[in-house]
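J.: Mapping of the sequence shown onto our numbering: residues -10 to 158, in sequence order.
Since the hints were made in silico from the structure, they are not lab data.
Ideal Cβ placement from N, Cα and C applies to all residues, glycine included.
Worth double-checking, as some hints may not be accurate.
Claimed, not checked - Restraint ranges, calculated between C-beta atoms of paired labels, are given here:
1) 32 <-> 62: 33 to 41 Å
2) 120 <-> 3: 36 to 44 Å
3) 34 <-> 136: 16 to 24 Å
4) 154 <-> 120: 41 to 49 Å
5) 149 <-> 120: 35 to 43 Å
6) 32 <-> 67: 35 to 43 Å
7) 3 <-> 29: 27 to 35 Å
8) 152 <-> 106: 35 to 43 Å
9) 21 <-> 109: 13 to 21 Å
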Amino acid sequence: MLNTRSYSYWIWLLLVFSIVLVDQYSKFLVVERLNLFDRFTLTSYLDLIRLHNSGAAFSLFASDTGWQRWPLILVSAGVGTILIGWLVRNASSSPALQNTAFAMIAGGAIGNLIDRLNQGYVVDFILFHIGQWNYPAFNIADSCITIGLILFLIETYQSSKQTEKTSRS
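Please take these sequences and the hints and turn them into a complete structure.
T.: As structure tokens, then:
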């Protein structure tokens, strides 16, 4: 039987695994159905497009000669490992919002890590645009990392406000 502590971290590890699974499956579908640079319009503001990003977020360093692959792999592996380790050790005594944030960031980091290890690049496929302006293409993993960071900032702000309120009392 699982004790409360192990049950708590298993929920968060399941979230990490689910994010990785959804991310990898969505990329698999894009690679199976779209050729590189093919674009499929979903709405007047949203397209699916198959792009290969050898750089970091927003294609930063993508035009470089390939030196960036291993540092990005190390950062992704480090972030994923540290956050999963943190969840295993601290999830039962930490706020759910913080656990959700860390699980989302870890899942996104691992999803992109798998791409970098297997292909040397990340498959990006979600493209928002208004007229001729395009937001940089991204994927599910990128979305989870971004949402996770936002949730972490919200949790940090809420915690600081609570600490401030408690110290005044």
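J.: Taking the hints in turn, state whether each one holds.
T.: For each hint, the structure was consulted:
1. 32 <-> 62: 33 to 41 Å: Roughly 34 Å apart at Cβ, these two residues keep to the hinted range, so it holds.
2. 120 <-> 3: 36 to 44 Å: holds (41 Å)
3. 34 <-> 136: 16 to 24 Å: holds (19 Å)
4. 154 <-> 120: 41 to 49 Å: holds (46 Å)
5. 149 <-> 120: 35 to 43 Å: holds (40 Å)
6. 32 <-> 67: 35 to 43 Å: holds (37 Å)
7. 3 <-> 29: 27 to 35 Å: holds (32 Å)
8. 152 <-> 106: 35 to 43 Å: holds (40 Å)
9. 21 <-> 109: 13 to 21 Å: Since residue 21 and residue 109 have Cβ atoms about 19 Å apart, the given range 13 to 21 Å holds.
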